[in-house]
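Undergrad: Working from the sequences, and respecting the hints, build out all of it.
Residue numbers (the working numbering), protein chains in the order written: chain A, 1 to 372; chain B, 1001 to 1120; chain C, 2001 to 2341.
Just so you know, not all the hints are guaranteed correct.
[Claimed, not checked] Label pairs and their computed distance ranges (CB to CB): (1) A/K195 to B/D1108: 44 to 50 Å; (2) A/R18 to C/T2077: 28 to 34 Å; (3) A/V81 to C/T2252: 27 to 33 Å; (4) C/T2252 to B/F1004: 22 to 28 Å.
[Claimed, not checked] In silico PhoX-like links for lysine-lysine, alpha-carbon gap of 20 Å or less: (5) A/K61 to A/K150; (6) C/K2218 to B/K1026; (7) A/K195 to C/K2243; (8) A/K254 to C/K2243; (9) C/K2338 to C/K2021; (10) A/K169 to A/K53; (11) C/K2235 to A/K254; (12) B/K1032 to C/K2187.
Worth flagging that the hints you see were computed from the coordinates, not collected in a lab. Ideal Cβ placement from N, Cα and C applies to all residues, glycine included.
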Amino acid sequence: MGHDIDNIGTNPLTGRRRVWKEYQKVIPSDKYFYVRSCIRQNIFPASEVHFLKIMRETLGKDVYENPHHTTCSGIGYHSDVVPLETSMTIVARQFALMAEAGYENLAVSCITSFGLYTEFLETWQHFPHIRERIAENLYKATGRELVLPKCVAHASDIIYSLRDEISQKAKYRLVNKNTGEPLRIVEHIGCHYAKMFPSKGVGGAEYPCVLSGMAEAWGGQIVDYPERRQCCGFGFRQYLVQANRGYSISNTKKKFDSMEPYHPDAIITNCPGCPYFMDRWQYVIAEMEGKTYGENGFGIPVLTYEELAGLVLGYDPWDLGLQVHQTSVEPLLDKMGIEYDPSQKYKGIGGKDLGRPEEPRVLKTELCPHCL
Amino acid sequence: MIDFGYGITRSNRLNLDEADLSLARKMARREKSFATCIGCGTCTAGCTAGHFTAYNPRKIQLMILNGQTENLKEDLKKCMLCGRCQMLCPRGISLRSLWSKLYRALDDGRKTPAVTRDIF
Amino acid sequence: MKNVVIIGAGVAGLTAAARLKDIGYNVTIIEKKTYDGGNVASWDRLFPDSRRASRLIDDVRRPLGEGVTIHYDQRITSLVKMKDGRIGVGTESLGIIHADALLVASGFSLFDAHLKEEYGYGIYDNVYTQADLESMFSSGKVLTRSGDIPRRIGFVHCVGSRDEKVGNRYCSKVCCVTAVKQASEIKQLYPDAQVYCFYMDLRMFELPYEDMYFNAQKLYGVRFIRGRLCEAAEKMDKSVILKVEDTLAGQTLNLSVDMLVLMAGMRPASDTARIATMLGLHCNKEGFLTPVDIFSRGNETEVDGVFLAGTCTGPKTIPQTIADARSAAIRIDEYLKKRKK
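TA: Structure (structure tokens):
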């Protein structure tokens, strides 16, 4: 009567699919009120622009932005400088702006904002007296009424839900043009995406499929590595104080060391902080310890999901802002067979010369004399 | 060299895959009762040396098992060999024998001064 | 002759059936599965003395003889307390059976280890449950997914037990002992293997169990690490890397094993809530059926003529289950004798 010995456990894909089935959230395909991230506008400015371009121009969706939208204050809340009640009131105002514009679905660029919105909605649901107090604060401060959104989606949820449409319009695929092999992609999910509320993330918190789903739909192969679920180390108090940054970089290094044997071709992320630090720390680690993680002394290119979608759709790498990455993306562009003009890398609007960054001592970039 | 104002910290996790567990294997052979520790801490609570120093016989067992042997010999020198630990141990572990065999095992391959050999 | 109907042909149901038949009742067992023995049927050997599970089931089954009817592959569709005091037991294929007394011995299901997502059961190649390992022991092949002899094996205690995150705060009682049994069996099979047990507390509550633990340490060199596994991940070679704190050393550890065995806890059998609703029985917050009084009336329910036995009222070892089932049989006999008058 024993179990069938051949059926012990299941195959890994079936296993992940089983988990994913438990965590499918409703993601409307259109009509979003978009809220930007504070830091992404500065560190990856073209990512948000290209989210809008892809949504509006490539896919013909209605995405609205209101310039009166402010920070959600999450960055201040997590750094202990903004009190919870203030944050809640600010978030209540964003919801009010959305309702006034006639939208019910919120598209959130930032992971921490997404986490904060989700946490506040959950709190207000369980503690109505807090919601009432926040509604009162909002009314007293701005004269606005608190209206709750019908859906809060992270912008990566939306791209995930539209991944097949993007794939149909794709100019390039995540396939090595020389070998025909799928590119090996490492996904890195922002902690506040699903760790607090696994049910709010596509695929849950342990095996999210929001980014892996995109990569696979576009021809890539996801590599799972032992430290995949760990935080990139960004933190808030950690990176804000220079002396504490050792915690941040050590955490990221732990992840690089763990993914290195899988030879990833790229890392994709859906958080403001993770791509920034995973990109910059590769330079710092190379300077400090002489260690690099990509091929031939290069790093592993780190991309936002909008950048990756943009590349797949054939947007110009420099329009996508890939020149602001400290770890060169050229190895990935070359593998995908993307045509680009190296001489245009550091040219701004109207061909204005932006100047070349200083050459790193260890980490190879396209500026490296050996590669020129 | 660029001074970034911070550095990379080494992980404080112990990687048992890479740890040198030769001492643990050796002790398992030389003092078989050693394996039966249940971590109750009776030995430590009653330890003469432990009252005045950081000496912790219960943890010494774990350091052997986890391959953390660097400071073991120095630690062991705090032991007064009074035998209180052995008297109290509910599992009947021959702790005096363990300590002396451990001291000797830590000296394996090295020339031990006669006086130490005599004591342990 | 009075009719007694028993729900479940596991160890409790079979044991009670034999006693009731001996006393002189007409006994009918309704079984969900196509075989008897319940969960024990899929086990290889049993603690504390390593007897074959199949032998135990034979021993429990033997006294039944001809006088007990077992209907397999049955789904109960209705349970109705009738005006004459009897209970109507309805199934799809048998119609309504009238029972003068009903014994619920519906048993337990193993906790679904998939729910502890961070352990990767069903996702990583070499993560198994204790039930999977029993199947391997039965088949005589304890090998990794790729067919290799495992050199390092880890056992995780309390998977789905003592865990608010999966809604089970209670201890499932038998898993610690099972882990010690299986760890020792692995070492009997592969003396050179390194075996680790990750436990929160070791609950070796019956007389022989502490000896099993002692022997696992002394004879088999099983390493017991007090700490709960936080997550498992797969390495390139398909071994499983574990993160755990050795809480006694205050030291976080990383280590990899070729096989990870999850000691899944006990949940009420899937039909328990349905049975309880149909009869108006009480379940506790864990979903197990609750007797009237755990000290003096451990087999009785608030519903006249309905009795309980075995793990439907909570985790039990097999000897406890057998004792409980015999006690239920005696109690049913007392009840039916009283009703005759």
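Undergrad: Next, verify each hint and record whether it holds.
TA: Each hint tested on the structure:
Separated by about 48 Å at the C-beta atoms, A/K195 and B/D1108 satisfy the suggested range of 44 to 50 Å. The given range of 28 to 34 Å is respected by A/R18 and C/T2077, whose C-beta atoms sit roughly 30 Å from each other. A C-beta distance of roughly 32 Å is found between A/V81 and C/T2252, which places it inside the suggested range of 27 to 33 Å. With their beta carbons about 27 Å apart, C/T2252 and B/F1004 fall inside the hinted range of 22 to 28 Å.
Note on A/K61 and A/K150: the hinted pairing holds, with a Cα-Cα distance of about 18 Å set against a maximum of 20 Å. Between C/K2218 and B/K1026 the alpha-carbon distance is near 14 Å, which keeps this suggested pair within the 20 Å criterion. For a cut-off of 20 Å, the pair hint linking A/K195 to C/K2243 stands: about 18 Å separates their Cα positions. Simply put, A/K254 and C/K2243 have alpha-carbon atoms about 14 Å apart, close enough for the 20 Å limit, and the pair holds.
Taken as a hint, the C/K2338 and C/K2021 pair is honoured in the structure, with Cα atoms around 18 Å apart against an allowance of 20 Å. Proximity of A/K169 to A/K53 is assessed by CA-CA distance (about 14 Å); at most 20 Å being required, the pair is judged to hold. Of the supplied pair hints, the one linking C/K2235 and A/K254 holds, its CA atoms being roughly 15 Å apart against a limit of 20 Å. As the CA atoms of B/K1032 and C/K2187 are separated by approximately 17 Å, the hinted pair is consistent with the 20 Å bound.
In summary, the structure agrees with every hint in the numbered list given earlier.
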